[in-house]
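Peer 1: Residue numbers (the UniProt record's numbering), protein chains in the order written: chain R, 1 to 297; chain F, 1 to 297.
Hints were generated in silico from the structure; no laboratory data involved.
Quick caveat, the model's predicted, so the values are computed rather than measured.
One should not assume that every hint holds.
Intra- or inter-copy, both count: the list cannot distinguish identical chains.
Within a straight-line C-alpha distance of at most 35 Å, the following computed DSBU-like cross-link-like pairs (lysine-lysine) qualify [what the hints assert, rightly or not]:
no.	residue 1	residue 2
1	Lys-107	Lys-268
2	Lys-296	Lys-18
3	Lys-268	Lys-18
4	Lys-268	Lys-111
5	Lys-111	Lys-81
6	Lys-296	Lys-268
7	Lys-18	Lys-193
2 protein chains.
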Amino acid sequence: MQVQVVEVGPRDGLQNEKEMIPTEGKIRLIERLVEAGLQRVEASSFVNPRWIPQLADAAEVCRALPQLPGVRYSALVPNLKGLERARECGLTEVAVFMSASETHNLKNINKTIAETFPVLRETTREALALGMRVRGYVSTVFGCPYEGEVSLDSSRRVTEELVAMGVYEVSIGDTIGVATPRQVHEVFAALVKDVTTERLAGHFHDTRGTGLANVAAALEEGIRTFDSSIGGLGGCPYAPGAAGNISTEDLVYLLHGMGYQTGIDLVKLTEAGAYMQELLGRPLPSKVLQAALAQKG
Amino acid sequence: MQVQVVEVGPRDGLQNEKEMIPTEGKIRLIERLVEAGLQRVEASSFVNPRWIPQLADAAEVCRALPQLPGVRYSALVPNLKGLERARECGLTEVAVFMSASETHNLKNINKTIAETFPVLRETTREALALGMRVRGYVSTVFGCPYEGEVSLDSSRRVTEELVAMGVYEVSIGDTIGVATPRQVHEVFAALVKDVTTERLAGHFHDTRGTGLANVAAALEEGIRTFDSSIGGLGGCPYAPGAAGNISTEDLVYLLHGMGYQTGIDLVKLTEAGAYMQELLGRPLPSKVLQAALAQKG
Numbered sequence: 001m002q003v004q005v006v007e008v009g010p011r012d013g014l015q016n017e018k019e020m021i022p023t024e025g026k027i028r029l030i031e032r033l034v035e036a037g038l039q040r041v042e043a044s045s046f047v048n049p050r051w052i053p054q055l056a057d058a059a060e061v062c063r064a065l066p067q068l069p070g071v072r073y074s075a076l077v078p079n080l081k082g083l084e085r086a087r088e089c090g091l092t093e094v095a096v097f098m099s100a101s102e103t104h105n106l107k108n109i110n111k112t113i114a115e116t117f118p119v120l121r122e123t124t125r126e127a128l129a130l131g132m133r134v135r136g137y138v139s140t141v142f143g144c145p146y147e148g149e150v151s152l153d154s155s156r157r158v159t160e161e162l163v164a165m166g167v168y169e170v171s172i173g174d175t176i177g178v179a180t181p182r183q184v185h186e187v188f189a190a191l192v193k194d195v196t197t198e199r200l201a202g203h204f205h206d207t208r209g210t211g212l213a214n215v216a217a218a219l220e221e222g223i224r225t226f227d228s229s230i231g232g233l234g235g236c237p238y239a240p241g242a243a244g245n246i247s248t249e250d251l252v253y254l255l256h257g258m259g260y261q262t263g264i265d266l267v268k269l270t271e272a273g274a275y276m277q278e279l280l281g282r283p284l285p286s287k288v289l290q291a292a293l294a295q296k297g
Numbered sequence: 001m002q003v004q005v006v007e008v009g010p011r012d013g014l015q016n017e018k019e020m021i022p023t024e025g026k027i028r029l030i031e032r033l034v035e036a037g038l039q040r041v042e043a044s045s046f047v048n049p050r051w052i053p054q055l056a057d058a059a060e061v062c063r064a065l066p067q068l069p070g071v072r073y074s075a076l077v078p079n080l081k082g083l084e085r086a087r088e089c090g091l092t093e094v095a096v097f098m099s100a101s102e103t104h105n106l107k108n109i110n111k112t113i114a115e116t117f118p119v120l121r122e123t124t125r126e127a128l129a130l131g132m133r134v135r136g137y138v139s140t141v142f143g144c145p146y147e148g149e150v151s152l153d154s155s156r157r158v159t160e161e162l163v164a165m166g167v168y169e170v171s172i173g174d175t176i177g178v179a180t181p182r183q184v185h186e187v188f189a190a191l192v193k194d195v196t197t198e199r200l201a202g203h204f205h206d207t208r209g210t211g212l213a214n215v216a217a218a219l220e221e222g223i224r225t226f227d228s229s230i231g232g233l234g235g236c237p238y239a240p241g242a243a244g245n246i247s248t249e250d251l252v253y254l255l256h257g258m259g260y261q262t263g264i265d266l267v268k269l270t271e272a273g274a275y276m277q278e279l280l281g282r283p284l285p286s287k288v289l290q291a292a293l294a295q296k297g
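Only chain R is shown next, with the shape it has when bound in the complex:
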């Protein structure tokens, strides 16, 4: 059985890194990722570079993406302006985003949830009119750094709204990495009442070590698309264990071990992780990467 892996390291990973990575290095990384067999890569973000200076070179990166058959790139866009910038670089896919919790949405997007819907709706409508694909992200589904628990009703409502706008897939995010498998079962069991499993993806952060356990739970609920970050990029450089996204290497190891196919070559993937680690000049959190490097000696 096939599982899709969506590499979000160049965006979700790097936007949380303190270091600035040279544009050339980002492009090399993406080349290595697609060489390893990744077919979906979120390459960058067209939010205002004032907020995320690490990704201020989004246009340069997106213009240089290696075009290969079967490989799809996307970038995060907050609104029509971001969409326009993404389109100018030749992207054919974008991702819109919002939160399931009111406070996180306000702090992150500076709008209430209700105010965010029309912005994402017009962005999605325009992208679809341009023949582009649109993905949706829902953040803080499993917990909010400001509110704590997030109601399932809110997550269901936001997910349904995004699907109604025309996004082909909604990535369900554990933004602060608090979920455990029981909650993952509950959340996806609730979401699939409204949306088919094919339109849902799991987006887990490994902040408390439960990332892969949550993937296994989501697999049991029929989810077959997962977001991850090469090397587990996005952790805090001053706390080696405090990881961001689950690591692509660890995710692929888990999936292959469980008999799922991904089309990804794990050896080449860890080489991409090793390259990224060298660029950053510090060990990355991926355990499979560290195990591979330790075996090399």
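On the provided structure of chain R, position chain F as indicated by the hints.
Peer 2: Showing chain F alone in chain R's frame:
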């Protein structure tokens, strides 16, 4: 529902650390662990200190263990001589060990599997005659560093033999951290044909990031006892991501999040982890520990 956590950091964790920890520090650590609510601690090992110099102070550590109601300590013993040393320190519980794979058993114990049985049998018989409790470990159940795959038949046979000797519990070990949830389901589903779930424990290493996913799978198979190491002790100090045992903090976070009770105070537990990290002078792999330290700022 109750889950038992067996803290093996002072033994399985420290025996894999390069640094030597002062005896006093080990005792302080164990004091903090039982203060946090841990009721089962593997305090040290009575194998020949030539092989594990890090635990050469086993007798001193075991003599100084804080005696508290409901708290049980044990130590690893390879044979009658080790048992005698453990008993002299006042221990009332020991653990015997062997591998499910022939080559690992030979390299680790210098005996074939068949030659090991009588040694463990006489050790267990003597311990029981002295009124002690005996636990059993089976290593390399999910994979052997020398042979690769390990047959389920061999794991079943070794497990059954240990139970027949009179051990009250067999800890089923993923010594090199290669397991994924599917295999965990298969292994425990096979083992419970011969042995009740109450007599089995899961012992996972997090070498490839799958540790907690494997715990979740074992929970689904009815396993309610897990071994773990404070801070995720036992990783290689030169490869921060290459962890040893699953971390006790991460395990307890997972269990509590899934609605299981452990009797452990997670805040005090992370304080014990922080103490250990300070003793070692390097960040430990536990994600919950790092997240807690990052929040403190």
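Peer 1: Indicate, hint by hint, whether the structure satisfies it.
Peer 2: Hint-by-hint comparison with the structure:
{"no.": "1", "hint": "Lys-107 to Lys-268", "in the structure": "between (39 Å within a copy, 32 Å between copies)"}
{"no.": "2", "hint": "Lys-296 to Lys-18", "in the structure": "both (28 Å within a copy, 19 Å between copies)"}
{"no.": "3", "hint": "Lys-268 to Lys-18", "in the structure": "both (26 Å within a copy, 31 Å between copies)"}
{"no.": "4", "hint": "Lys-268 to Lys-111", "in the structure": "neither (42 Å within a copy, 39 Å between copies)"}
{"no.": "5", "hint": "Lys-111 to Lys-81", "in the structure": "within (17 Å within a copy, 71 Å between copies)"}
{"no.": "6", "hint": "Lys-296 to Lys-268", "in the structure": "within (14 Å within a copy, 38 Å between copies)"}
{"no.": "7", "hint": "Lys-18 to Lys-193", "in the structure": "neither (40 Å within a copy, 52 Å between copies)"}
Checked against the numbered hints given earlier, the structure breaks hints 4, 7 and satisfies all the rest.
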